[in-house]
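What follows is each chain in one-letter form.
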Amino acid sequence: MAERIAIVGVGQTHHKSKRADVTTAELIAEAVERCLEDAGMQMKDIDHLVGGSFEVADGYHCPDKWIIPELGAVGKSGLEMQNVGTTGGVVAVAGFNLAATGLFDAVLCFAWQKMDEAAGAFGRGGGGANEYWTGQFPMSPITNFARRTYAYMDRSGCTEEHIAMVRVKQDQCAMKNPYAQLRLGLTVEKVMQDVLLAWPIRRLHMCPTTAGAAAFIVCPEAKAKKVTNKPLWVEDWFTCHQGGALTMAEDPTASTLRYACDVVYKRCGITNPKKEIQAWEVYEPASPAELRWIEEVGICEDYTAWKLFEQGKVGIDKEIPFNPSGGVTATNPIGATPVVRLVEAALQVRGDAGEHQVPGTINRALATGYGGQGENVIMLLRKSL
Amino acid sequence: MTAEQKEEKKEEFIQFRYPRQVTYHHALGYQSKFANGLKQCKILATKCPVCGRCTIPPRIVCPFHHVKQTEWVDQGQRGRLISAFKINFPMFNSRTGELQNWENPIIAVELEGGARMDGWCAETDPEKLKTGMLMEAVWRPEEERRGRADDILYWKPVEE
Numbered sequence: 001m002a003e004r005i006a007i008v009g010v011g012q013t014h015h016k017s018k019r020a021d022v023t024t025a026e027l028i029a030e031a032v033e034r035c036l037e038d039a040g041m042q043m044k045d046i047d048h049l050v051g052g053s054f055e056v057a058d059g060y061h062c063p064d065k066w067i068i069p070e071l072g073a074v075g076k077s078g079l080e081m082q083n084v085g086t087t088g089g090v091v092a093v094a095g096f097n098l099a100a101t102g103l104f105d106a107v108l109c110f111a112w113q114k115m116d117e118a119a120g121a122f123g124r125g126g127g128g129a130n131e132y133w134t135g136q137f138p139m140s141p142i143t144n145f146a147r148r149t150y151a152y153m154d155r156s157g158c159t160e161e162h163i164a165m166v167r168v169k170q171d172q173c174a175m176k177n178p179y180a181q182l183r184l185g186l187t188v189e190k191v192m193q194d195v196l197l198a199w200p201i202r203r204l205h206m207c208p209t210t211a212g213a214a215a216f217i218v219c220p221e222a223k224a225k226k227v228t229n230k231p232l233w234v235e236d237w238f239t240c241h242q243g244g245a246l247t248m249a250e251d252p253t254a255s256t257l258r259y260a261c262d263v264v265y266k267r268c269g270i271t272n273p274k275k276e277i278q279a280w281e282v283y284e285p286a287s288p289a290e291l292r293w294i295e296e297v298g299i300c301e302d303y304t305a306w307k308l309f310e311q312g313k314v315g316i317d318k319e320i321p322f323n324p325s326g327g328v329t330a331t332n333p334i335g336a337t338p339v340v341r342l343v344e345a346a347l348q349v350r351g352d353a354g355e356h357q358v359p360g361t362i363n364r365a366l367a368t369g370y371g372g373q374g375e376n377v378i379m380l381l382r383k384s385l
Numbered sequence: 001m002t003a004e005q006k007e008e009k010k011e012e013f014i015q016f017r018y019p020r021q022v023t024y025h026h027a028l029g030y031q032s033k034f035a036n037g038l039k040q041c042k043i044l045a046t047k048c049p050v051c052g053r054c055t056i057p058p059r060i061v062c063p064f065h066h067v068k069q070t071e072w073v074d075q076g077q078r079g080r081l082i083s084a085f086k087i088n089f090p091m092f093n094s095r096t097g098e099l100q101n102w103e104n105p106i107i108a109v110e111l112e113g114g115a116r117m118d119g120w121c122a123e124t125d126p127e128k129l130k131t132g133m134l135m136e137a138v139w140r141p142e143e144e145r146r147g148r149a150d151d152i153l154y155w156k157p158v159e160e
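The listed protein sequences derive, respectively, from chains A and B.
The numbers in the working numbering rise by one with no breaks, and the one at position 315 of the first sequence is 315.
The numbers in the working numbering rise by one with no breaks, and the one at position 76 of the second sequence is 76.
You may find that some hints are simply not true.
To be verified - If we take Cβ atoms under 10 Å as the criterion, some of the chain A residues that face chain B in the derived model are:
1. VAL22
2. ALA25
3. GLU131
4. ALA151
5. TRP199
Stated by the list, open to error - The list that follows gives simulated cross-link-like pairs (lysine-lysine, DSSO-like), each with its CA atoms no further than 27 Å apart:
6. B:LYS128 <-> A:LYS18
7. A:LYS307 <-> A:LYS275
8. A:LYS16 <-> B:LYS10
9. A:LYS307 <-> A:LYS318
10. A:LYS176 <-> A:LYS16
11. A:LYS226 <-> A:LYS274
Hints were generated in silico from the structure; no laboratory data involved.
Small disclaimer: the values here were computed from a predicted structure and weren't measured.
Beta carbons: idealized from backbone N, C-alpha and C, even for Gly.
Start from the sequences, fold in the hints, and give me the full structure.
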């Protein structure tokens, strides 16, 4: 029987495009120290670490070898996880699994990316499905989302203006989040005039490159209740690999998000996600992805999410509080991005998100990680069980 | 020192440049038959004995049914256009540094044998591309074929 588990502390860096003032380990330490402080714990209280980044975008191989000592954690049990954009998601899932065994009292999970050190290296993440074949085409997250978005527009009636509205909504949220990297004061006109990368994707539609890290501590129930009187329950989690099982040539909309959500909703007895989940932090690598993801997580019918933006129904204090942090188009330390989603979802449930706090009681928040050509990691948090 | 103080500290910080070149020789394994087919202007796909799905690139096992795919099906030289997109900037393979063909749109084609695959399109104006158009493979000359995706130079629309 698995232990019930709870998050007892979270931390993240102020995400920036460039951090030449710190090493990768020092950057991670910023998030880890904030996390320990948030939990009221010290490194001596931690008995297992799980860390990860998208190694290609860092240029460091087996980084745990030197990073764990630099965090002041020599001698502790540790693992490194790796899965492109979902790296932070598998870091979290590994941490949840370990805490749920009851073998460890406090598992410190951290993920990072210092993308200022290898400009452009992340762009090849999309080739991972089959290095021999897809690696030969000029494909990248940009073209993946051009293809997805073209198919979405073709099937839905959504226009370029609607996609620009999504980007403006994301920016309006990010403007209220002091940790977000891009806070630009965008308008629909400004987005529509931006450089076209691969129609209909413009530069502003794509996630930026970010130097940042995020961390959290997860404990089994008994320990969590000793550490805090406000344990943040991890109700369920699921990681779902697709890895090009369906290539984008076969289905340009291939995604596992709906499948993964359905698994989690069924296990948790959720029948009306729009009502039963009050805040969402869903990994959108490009602004138009948010449209399809809103549908796949079960908030609205297929190919209708663009209408919600036309009607102004999506935002921090709106009917659908989707990505109140500003999301991934504002901040993307790629390997850490799913942990940033989790940290932001945790802040929402605790009521500690500050200016971008969703009003009302947040009993449940859903965070996800996305990577490659359709992998998804689902992390469902709950205020009380 | 707190994290906040650390972020604010002023110092002349040094970065060290670390270029590295490694040439990998990845085994193609079961896919070798597909790559060798390309050299002979053949497009071969594996077929799942359970669901009948033909896949490119080929796989030794069906990802959905966990059975060995021993049947190879010649997919023919023609197919229908399923989707297309055009990149507006030169793209390099960021692992190899090679400039990739970004000027021809990338299309997906459903072949006569049922498999779907990516390729480049001879028609560079994406406005002229319509779903369902019949396309035909145009191959590189024999001496230039290497068992790679661009052995098919591009797909050209054909009159019906």
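Hint-by-hint comparison with the structure:
no.	hint	result
1	VAL22	7 Å, holds
2	ALA25	12 Å, violated
3	GLU131	7 Å, holds
4	ALA151	7 Å, holds
5	TRP199	6 Å, holds
6	B:LYS128 <-> A:LYS18	42 Å, violated
7	A:LYS307 <-> A:LYS275	19 Å, holds
8	A:LYS16 <-> B:LYS10	16 Å, holds
9	A:LYS307 <-> A:LYS318	14 Å, holds
10	A:LYS176 <-> A:LYS16	16 Å, holds
11	A:LYS226 <-> A:LYS274	33 Å, violated
Hints 2, 6, 11 from the earlier list are contradicted by this structure; the remaining hints agree with it.
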